[in-house]
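Counting in my numbering, the sequence shown tops out at residue 158, every number present.
Rather than coming from a laboratory, the hints here were simulated on the basis of the structure. Here a beta-carbon is modelled for each residue, glycine too, at the ideal position from N, C-alpha and C. Misleading hints may appear alongside valid ones.
[To be verified] The calculated lysine-lysine pairs, modelled on BS3-like cross-linking and capped at a C-alpha distance of 27 Å, are:
1. Lys61 x Lys49
2. Lys77 x Lys61
3. Lys53 x Lys71
[As the list claims (entries may be wrong)] Computed spacing ranges between beta-carbons, pair by pair:
4. Ile11 x Ala82: 46 to 56 Å
5. Thr45 x Leu24: 20 to 30 Å
6. Asp48 x Val14: 38 to 48 Å
7. Ala10 x Ala82: 39 to 49 Å
8. Arg113 x His84: 47 to 57 Å
9. Ala111 x Ala25: 57 to 67 Å
10. Ala43 x Asp85: 21 to 31 Å
11. Gly59 x Glu91: 43 to 53 Å
12. Ile7 x Ala43: 43 to 53 Å
13. Ile79 x Thr5: 53 to 63 Å
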Amino acid sequence: MFNKTKIAAAISAVFLLGAAGATLAADTTTTATTTAKQPLGQAITSVDKNLDKNPDNVGLKNAAERLERNKARHDAKEIHRADHDRAEHAERHEHVEKAERAEKMERPEKAERAEKAERPEKIARPEKIERPEKVERPEKVERPEKVERPEKAERPES
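The whole structure should be built from the sequences, with the hints applied where relevant.
Written as structure tokens, this is what we have:
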């Protein structure tokens with residue numbers, strides 16, 4: 001019975017994950033086929049709708065001007081970034097070509113090894129001096145046994 005429960009849980013998990021994957025795939029295809037996501041696009045659209053409703057609103061006019069400036073600045077940054085990426089790609093391509101040329105250079109097959117210097121003979125150590133025998137210590141003095149204390153006499157209560 002426990003195995004049936006495990007199998008049922010696994011099948012339901014696969015079903016849920018498949019449904020989630022299908023939903024995600026559907027979302028990505030619809031956004032890709034429509035227009036590409038434009039920065040500030042929704043804000044500009046919303047402000048323009050509100051300006052149509054309330055053309056005298058000064059705050060909406062300021063917001064529309066500010067959004068247009070931001071969009072122009074953002075577009076300029078993207079153009080600059082694209083130019084920079086192209087230049088960086090060209091630089092990398094040149095670097096790869098230089099590396100390929102460096103590999104083509106002839107190199108010696110094996111470097112010649114220098115002869116090892118001969119080690120000087122080890123110097124013989126002088127013989128170890130023997131220590132004198134250990135001095136015998138006198139035996140420990142035995143301590144007298146402790147004398148037991150006499151028991152305390154009980155005090156008479158007054």
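For each hint, the structure was consulted:
1. Lys61 x Lys49: holds (12 Å)
2. Lys77 x Lys61: holds (25 Å)
3. Lys53 x Lys71: holds (23 Å)
4. Ile11 x Ala82: 46 to 56 Å: holds (48 Å)
5. Thr45 x Leu24: 20 to 30 Å: holds (26 Å)
6. Asp48 x Val14: 38 to 48 Å: Given a distance of about 47 Å, which is inside 38 to 48 Å, the answer is holds.
7. Ala10 x Ala82: 39 to 49 Å: holds (48 Å)
8. Arg113 x His84: 47 to 57 Å: Given about 49 Å between the Cβ atoms, the range holds.
9. Ala111 x Ala25: 57 to 67 Å: Distance hint for Ala111, Ala25 holds at roughly 59 Å.
10. Ala43 x Asp85: 21 to 31 Å: Cβ of Ala43 to Cβ of Asp85: about 27 Å, so the range 21 to 31 Å holds.
11. Gly59 x Glu91: 43 to 53 Å: With Cβ atoms ~47 Å apart, the hint holds.
12. Ile7 x Ala43: 43 to 53 Å: holds (51 Å)
13. Ile79 x Thr5: 53 to 63 Å: Roughly 60 Å apart at Cβ, these two residues keep to the hinted range, so it holds.
In this structure, every one of the numbered hints holds.
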